[in-house]
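J.: Here is what each chain is made of, one letter per residue.
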Amino acid sequence: MDEISRLLQETVTKLFSEAVTPELIRNFEDGQFPEELWAQVQELGLLDVLVADDDSTWTSAYEVLFALGRWSVPIPLAETMAARRLLRDAGEEIPEGIITLAYADDYATKVLTGVPWARMADYVIVQTGTGDETQIRLMPIGEANVSNKTNIALEYRDDVDISVAPGRPVRKANRGPTALEAGALVRSVQIAGALDGMLHEAVTYAQDRTQFGKPIGKFQAIQQQLAVLAGRVAAVGRAAQTAAAAADGDDPVIDIAIAKIEASDSVSETTSIAHQVHGAIGFTYEHHLHFLTRRAWAWRNEFGATHHWALPLGRNAAQRGAENLWSDLTGGV
Amino acid sequence: MTTYFSFAPNSLPGSTQALREEIRSFLDQELSDYPAVKRAETWMGYDKAFSKKMGDRGWLGMTWPKQYGGHERSAFERYVVLEEMLAAGAPVGAHWIGDRQSGPLLLRFGTEKQREEILPRVARGEIFFCIGMSEPDSGSDLAATKTRAQKTDGGWLINGTKLWSTGAQHADYMIALFRTESNPESRHGGLSQFLVDLKTPGITVRPIKDLSGAEHFNEVVFEDAFVGDDWLVGEEGGGWAQVTAELAYERSGPERYMSCMPLLTELVREIGPDPDERQAIILGKLIARLATLRQMSISVAGMLEDGKDPALEASIVKDQGALFEQSLPHIANDLIDGVSATGTDYAQVLNLLVQISPSFSLRGGTREILRGIIARGLGLR
Chain A
1 MDEISRLLQE TVTKLFSEAV TPELIRNFED GQFPEELWAQ VQELGLLDVL VADDDSTWTS
61 AYEVLFALGR WSVPIPLAET MAARRLLRDA GEEIPEGIIT LAYADDYATK VLTGVPWARM
121 ADYVIVQTGT GDETQIRLMP IGEANVSNKT NIALEYRDDV DISVAPGRPV RKANRGPTAL
181 EAGALVRSVQ IAGALDGMLH EAVTYAQDRT QFGKPIGKFQ AIQQQLAVLA GRVAAVGRAA
241 QTAAAAADGD DPVIDIAIAK IEASDSVSET TSIAHQVHGA IGFTYEHHLH FLTRRAWAWR
301 NEFGATHHWA LPLGRNAAQR GAENLWSDLT GGV
Chain B
1 MTTYFSFAPN SLPGSTQALR EEIRSFLDQE LSDYPAVKRA ETWMGYDKAF SKKMGDRGWL
61 GMTWPKQYGG HERSAFERYV VLEEMLAAGA PVGAHWIGDR QSGPLLLRFG TEKQREEILP
121 RVARGEIFFC IGMSEPDSGS DLAATKTRAQ KTDGGWLING TKLWSTGAQH ADYMIALFRT
181 ESNPESRHGG LSQFLVDLKT PGITVRPIKD LSGAEHFNEV VFEDAFVGDD WLVGEEGGGW
241 AQVTAELAYE RSGPERYMSC MPLLTELVRE IGPDPDERQA IILGKLIARL ATLRQMSISV
301 AGMLEDGKDP ALEASIVKDQ GALFEQSLPH IANDLIDGVS ATGTDYAQVL NLLVQISPSF
361 SLRGGTREIL RGIIARGLGL R
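Going down the list, the protein sequences come from chains A and B. The numbering of the first sequence is this note's numbering, which starts it at 1 and goes up by one. The numbering of the second sequence is this note's numbering, which starts it at 1 and goes up by one.
Source of the hints: derived by calculation from the structure; they are not laboratory data. Heads up, some of the hints might be wrong.
Unchecked claim - Covered stretches of chain B, as calculated for chain A (at least 3 residues, CB under 8 Å): (1) 126-135; (2) 330-341.
Said to hold, decoys possible - In the DSSO-like style, the derived pairs of lysine-lysine whose C-alpha atoms are separated by at most 30 Å in a straight line are: (3) A:K218 <-> B:K209; (4) B:K66 <-> B:K52; (5) A:K14 <-> B:K52; (6) B:K113 <-> B:K66; (7) B:K52 <-> B:K209; (8) B:K52 <-> B:K38; (9) B:K113 <-> B:K199; (10) B:K308 <-> A:K218.
Nothing here was measured: the structure is a model prediction, and the numbers come from that model. C-beta: ideal position from N, C-alpha, C; glycine also.
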């Protein structure tokens, strides 16, 4: 890990592990946005992690995104970080404030659904279409009608009626991720962080909880499940790191697709194991495990669920054919 | 980042690309008329002449010191050779064990005489190894080893039976774990490793037919077989630590998720350029998992290159890899209706791998043992 990444990791781990208590998240779910934390994040310059200088990388930003997932941090940092980078890559001015990301298949879409943090955002970057059809617009949210909605983790995922506020077209960057790809990358890394949190929670619980006269972590039935959870945590983390590194290159779409498939597709098994090991207490609102598992359930569907990314990946492989399968797989070395 | 294990985001150095091209043109030539169903055997395919050619190319003992016939190349370069061989389904079974674990074990624990006498011949692809760990009453519980090495004048007399020794019927040597002390203080004590010449009188090798009808593994019976003092490997009584290290080598490679690579290739061929939506989605998911396992495996190669011990990470890759390669034949089976019984290449490859896939989570340490190692890494044992 390079020096910048290490510093970022230390900074965000310290900040989030201390500040983002179960109480803070419960308050957020009761309607109280963590203003103080959001101010601290801005003071630390975390919004600019991907644009601070010419050498700012997704590779380093991974540490911030991972921590956002690991500690269930309920603030619009991931989206704003990514959006600022997208604008810079496109050679656009970067406006002040919160910027979010949205995607719609079709330019004619009137209402964007599930837009992260829209009610408090200043701008949204809207991508319509993919590949050659891609169009990008920057839209001041103040001009649109926003209806408040949430995902199942009660994070803001609002509907934005853009029929009266089409915004203005912005250039497409000629390298790096598109808005949809950046969103998928961000969620993949956040899921990796959340799964890592589940592993830590489940292992700690298994060491502390005693039944039949010993910690349940001493039972092979529990050990075998946690080993599987660890395997998925390792896989999703590795795929997400690869995707982050690819986002620093020219064309990251395949690595991001792989990361989002692995992340989204691992949520079912990992959340099941984390809850099974915790027993009934993990199913209560009082226990904090669900802050991680509910986010994983929500995030797997955001910026493209498994099938969204697996379909073109599979079609492409079929079109390229058996002869190119292995060389394509090893092409990125 | 997680604190339990480390999968550094290594990528293969750009310098490996030329080597990869060299291997591919070698394989194109060597395997031009090698049938798909033979490719599906991957590292169970056995061809001493092919292994000799790899030795001639400098692709065996790649990371070993030159003084022992090695080539002092990086763990990443060796990784590229391994994965290209597996992807092509080349018959690498003859040299696989010696190159992967017996050679490295001798390099680490062997005497100077053993290294000088054995390693250059392994690297040239002239002599071949098998493993002597399991026994009829000692499978996952390796410490229950009963086969006895009794001290005698100038050496040891061996009595007992080793089981599941893949390739023993063709191999020249076995590195075997024997009991040199009957009632050791600790459960893991009293075991020692020996380098056994399989031509030694008193050794009988009997192939065991597996459920697919093939003969890969064997029973090896020792009846007063004499092994000289010079062929004790490492420390007398130090066998447990050594065999644990050997198993880490055994679990560290890409063969733990690539056994079905030839099937995936034939599946893509069979599906053709216009998959239906279900086929495309499932193919996309398989590719994502394969690519991720490969990244994890490259991280393990990076740890080997840095001289770190990847025992935990290798167990994670092997467990996850076995889940992948064991499920693949059945996923493939569900993707295409009406596959003829044995007619096409695809059907033959599928039928073979459906049958041998149960072994993927048995060989090299069962799923349960690996998960126990992972649980230990998590601090649960």
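J.: Does each hint hold? Answer for all of them.
T.: For each hint, the structure was consulted:
no., hint, verdict
1, 126-135, "violated (count 0)"
2, 330-341, "violated (count 0)"
3, A:K218 <-> B:K209, "violated (38 Å)"
4, B:K66 <-> B:K52, "holds (18 Å)"
5, A:K14 <-> B:K52, "violated (57 Å)"
6, B:K113 <-> B:K66, "holds (16 Å)"
7, B:K52 <-> B:K209, "holds (27 Å)"
8, B:K52 <-> B:K38, "holds (19 Å)"
9, B:K113 <-> B:K199, "holds (20 Å)"
10, B:K308 <-> A:K218, "holds (28 Å)"
Of the hints listed earlier, those the structure fails to meet are numbers 1, 2, 3 and 5, in rising order.
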